[in-house]
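Asker: Protein chains in written order, with the working numbering: chain A, 1 to 214; chain B, 1 to 214; chain C, 1 to 214.
Hints were generated in silico from the structure; no laboratory data involved.
Note that this is a predicted model, so its numbers are computed, not measured.
Any given hint could turn out to be false.
Pairs count within a copy or across copies, as identical chains cannot be separated in the list.
As the list claims (entries may be wrong) - Derived lysine to aspartate or glutamate pairs resembling EDC-like cross-links, with alpha carbons at most 20 Å apart: (1) LYS186 with GLU176; (2) LYS152 with GLU62; (3) LYS184 with ASP171; (4) LYS36 with GLU52; (5) LYS152 with ASP61; (6) LYS153 with ASP61; (7) LYS133 with ASP83; (8) LYS36 with GLU160; (9) LYS30 with GLU148; (10) LYS177 with GLU187; (11) LYS153 with GLU62; (12) LYS212 with GLU62.
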Amino acid sequence: MKIDRIIQILLPHDEKFYSLFEEMTRLLQKASIALKKIPDSDPVQTQSLADEIEDLEHQADEVTHRVFAELNATFVTPFDREDIHELASSLDDVMDYINGCSSRFVLYNVRVAPQYMRKLMEIIQLQVETVGKGITYLRDFKNTGMLEEVLKKVNEYENEADTVFNLAIADLFENEKNAIELIKLKEIYIGLETATDRCEDVANVLESILVKHA
Amino acid sequence: MKIDRIIQILLPHDEKFYSLFEEMTRLLQKASIALKKIPDSDPVQTQSLADEIEDLEHQADEVTHRVFAELNATFVTPFDREDIHELASSLDDVMDYINGCSSRFVLYNVRVAPQYMRKLMEIIQLQVETVGKGITYLRDFKNTGMLEEVLKKVNEYENEADTVFNLAIADLFENEKNAIELIKLKEIYIGLETATDRCEDVANVLESILVKHA
Amino acid sequence: MKIDRIIQILLPHDEKFYSLFEEMTRLLQKASIALKKIPDSDPVQTQSLADEIEDLEHQADEVTHRVFAELNATFVTPFDREDIHELASSLDDVMDYINGCSSRFVLYNVRVAPQYMRKLMEIIQLQVETVGKGITYLRDFKNTGMLEEVLKKVNEYENEADTVFNLAIADLFENEKNAIELIKLKEIYIGLETATDRCEDVANVLESILVKHA
Numbered sequence: 001m002k003i004d005r006i007i008q009i010l011l012p013h014d015e016k017f018y019s020l021f022e023e024m025t026r027l028l029q030k031a032s033i034a035l036k037k038i039p040d041s042d043p044v045q046t047q048s049l050a051d052e053i054e055d056l057e058h059q060a061d062e063v064t065h066r067v068f069a070e071l072n073a074t075f076v077t078p079f080d081r082e083d084i085h086e087l088a089s090s091l092d093d094v095m096d097y098i099n100g101c102s103s104r105f106v107l108y109n110v111r112v113a114p115q116y117m118r119k120l121m122e123i124i125q126l127q128v129e130t131v132g133k134g135i136t137y138l139r140d141f142k143n144t145g146m147l148e149e150v151l152k153k154v155n156e157y158e159n160e161a162d163t164v165f166n167l168a169i170a171d172l173f174e175n176e177k178n179a180i181e182l183i184k185l186k187e188i189y190i191g192l193e194t195a196t197d198r199c200e201d202v203a204n205v206l207e208s209i210l211v212k213h214a
Numbered sequence: 001m002k003i004d005r006i007i008q009i010l011l012p013h014d015e016k017f018y019s020l021f022e023e024m025t026r027l028l029q030k031a032s033i034a035l036k037k038i039p040d041s042d043p044v045q046t047q048s049l050a051d052e053i054e055d056l057e058h059q060a061d062e063v064t065h066r067v068f069a070e071l072n073a074t075f076v077t078p079f080d081r082e083d084i085h086e087l088a089s090s091l092d093d094v095m096d097y098i099n100g101c102s103s104r105f106v107l108y109n110v111r112v113a114p115q116y117m118r119k120l121m122e123i124i125q126l127q128v129e130t131v132g133k134g135i136t137y138l139r140d141f142k143n144t145g146m147l148e149e150v151l152k153k154v155n156e157y158e159n160e161a162d163t164v165f166n167l168a169i170a171d172l173f174e175n176e177k178n179a180i181e182l183i184k185l186k187e188i189y190i191g192l193e194t195a196t197d198r199c200e201d202v203a204n205v206l207e208s209i210l211v212k213h214a
Numbered sequence: 001m002k003i004d005r006i007i008q009i010l011l012p013h014d015e016k017f018y019s020l021f022e023e024m025t026r027l028l029q030k031a032s033i034a035l036k037k038i039p040d041s042d043p044v045q046t047q048s049l050a051d052e053i054e055d056l057e058h059q060a061d062e063v064t065h066r067v068f069a070e071l072n073a074t075f076v077t078p079f080d081r082e083d084i085h086e087l088a089s090s091l092d093d094v095m096d097y098i099n100g101c102s103s104r105f106v107l108y109n110v111r112v113a114p115q116y117m118r119k120l121m122e123i124i125q126l127q128v129e130t131v132g133k134g135i136t137y138l139r140d141f142k143n144t145g146m147l148e149e150v151l152k153k154v155n156e157y158e159n160e161a162d163t164v165f166n167l168a169i170a171d172l173f174e175n176e177k178n179a180i181e182l183i184k185l186k187e188i189y190i191g192l193e194t195a196t197d198r199c200e201d202v203a204n205v206l207e208s209i210l211v212k213h214a
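Extracted from the complex, chain A is given alone in its bound form (with noise of 0.2 Å):
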């Protein structure tokens, strides 16, 4: 581990890598907006918007193992192995959930988003954003201030996120009567809920990270 970390430290680093996880976040910050916008759409433009972002999911499913080949036939890596297979998975997760609510938000044919529902969209578009910005800084880890910054900010979010959950899911039960409704709302705020959960596990791999190279 310590001698692997002074090969990391003394051979060039592998840009190949910063530029996936780019590219990555910038398909998740694409998918979380156009899920932000199915609430407000038509049932054509909600089937046209599910599409987009399968779409995307099936880029980011290409990056991701497109990182892991990458991470086969590399020696030296910018930073430890087991955190660049960690953070390709979480944020190919985080991408999952986001996909896997649009989806269903088409198959269940959910007319009504809660205001709820509205609310955990917004966090995760904001949080994906901010995920994404904490991205760009690992390529200069002198900036650690900016990055612990980020991180304090996406663990924020998804607080909020819990907070909003519960608050939900106690309104769905309290106030839905058709319990196959229930069924249908409550399956998309979990995958909601865990999509901000994700994006967590993406923000402990860039601590640990931090933490490894500070």
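Fit chains B and C to the known structure of chain A by using the hints.
Answerer: For chains B and C alone, kept in the frame of chain A given last:
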């Protein structure tokens, strides 16, 4: 890592791992065939098939533990330790989900399996059979063409399962007016779909091993 | 790996890890005792117990983060790094599931806990107590007989919990005619059962450590 690789090539490989993985896939094949029979069985037969699957699941647990014990006792493994661990875990997961589905069938007293459910069970059986082939190819890495073919097929089955699952859930929410029946069937569907996901995980580990040894 | 082991044996071990894990199990024991009191409490008491558990969960998060920080700062660890990581994560998971169950009790406004639910809460409390014993035995590996006894007991509790869970779910689907009530109770049951699974994960890590050091 690279030095590990060289040692792996120079030293005789351990046959035990291959045999244990092959034993695991034999158990999985039996379980997936039993699962497929459930929709055409009366309650007594269903109980007996579920018992058979539960027994296979216990045997699979044993095999998984033997893989882990072997891993701790072996210095030079035929491929990376983490891949062996992941392979054993994901095969065990497939078994757990198959067992979970058949035991829910009994537990929830499900009388009629929708067509989509039968289709998913068929896909699982074919996918498990294909995974079994992939495992036998591990013994001979010159056979990379065959292994690649197998991995492609496993992924195709997973995609097919995704499509069937989405149709099944949409159908359920459109046509099943009894919320409690909907909950039961939806849970079994999720279990079946997750089994195909875990099969894909198995294929992903096999691919990762292939990439490192090609 | 083998060289790591030798270094581990030759150099003095770090007491900090033992203390942190013991602190973690103390928090878990408090939480599991509070959880067990919920079914016999009025709404005001339930809220206060849920608040207490949430506070314990935050403290457990702190301890988990300290384990990870210690792991990054320590060159020679008393046992394998991945085992320390896994042990901290699975203990933290047990706490998360206990907290999830108690907060759902409040959130879903559950008035009456079925007998099976009380039974699962009792099992969790006993299992957590047993896990706590197992953790103290880590300090002294000559005590392998005692540790093995503890691990066997944790697994027995998990099996008992599985049986109770299956009976509980079958009972729920047979007797709870209100789908929304069924959804609420089923979710809490799943959380409780998962807590016992995570306790078993803790035992599995302890077993893995035992195997390597025996």
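Asker: All hints are to be evaluated individually against the structure, with a verdict given for each.
Answerer: A quick look at each hint next to the structure:
Proximity of LYS186 to GLU176 under the C-alpha cut-off of 20 Å is found in both arrangements, the shortest distances being 10 Å within a copy and 18 Å between copies. Proximity of LYS152 and GLU62 under a CA criterion of 20 Å is satisfied inter-copy only: 15 Å between copies versus 30 Å inside one chain copy. Proximity of LYS184 to ASP171 under the C-alpha cut-off of 20 Å is found in both arrangements, the shortest distances being 14 Å within a copy and 13 Å between copies. In this homomeric assembly, LYS36 and GLU52 come within 20 Å of each other (Cα to Cα) only inside a single copy, at 13 Å, whereas the closest approach across copies is 36 Å.
Only between protomers do LYS152 and ASP61 lie at most 20 Å apart by alpha-carbon distance; the minimum there is 16 Å, versus 28 Å within a single protomer. For a Cα distance limit of 20 Å, the shortest separation of LYS153 from ASP61 across copies, 18 Å, qualifies, whereas the shortest one inside one copy, 26 Å, does not. In this homomeric assembly, LYS133 and ASP83 come within 20 Å of each other (Cα to Cα) only inside a single copy, at 18 Å, whereas the closest approach across copies is 33 Å. In this assembly of identical chains, the alpha carbons of LYS36 and GLU160 lie at most 20 Å apart only when taken from the same copy (17 Å versus 29 Å across copies).
In this assembly of identical chains, the alpha carbons of LYS30 and GLU148 never lie at most 20 Å apart, being 24 Å within a copy and 33 Å across copies at closest. Taking identical chains as interchangeable, the C-alpha atoms of LYS177 and GLU187 lie at most 20 Å apart whether they share a chain (16 Å) or sit on different chains (18 Å). In this assembly of identical chains, LYS153 and GLU62 lie within 20 Å of each other by CA distance solely across copies; the values are 18 Å between and 28 Å within a copy. In this assembly of identical chains, the alpha carbons of LYS212 and GLU62 lie at most 20 Å apart only when taken from different copies (19 Å versus 29 Å within one copy).
The structure fails to meet hint 9 from the earlier list, while all remaining hints are met.
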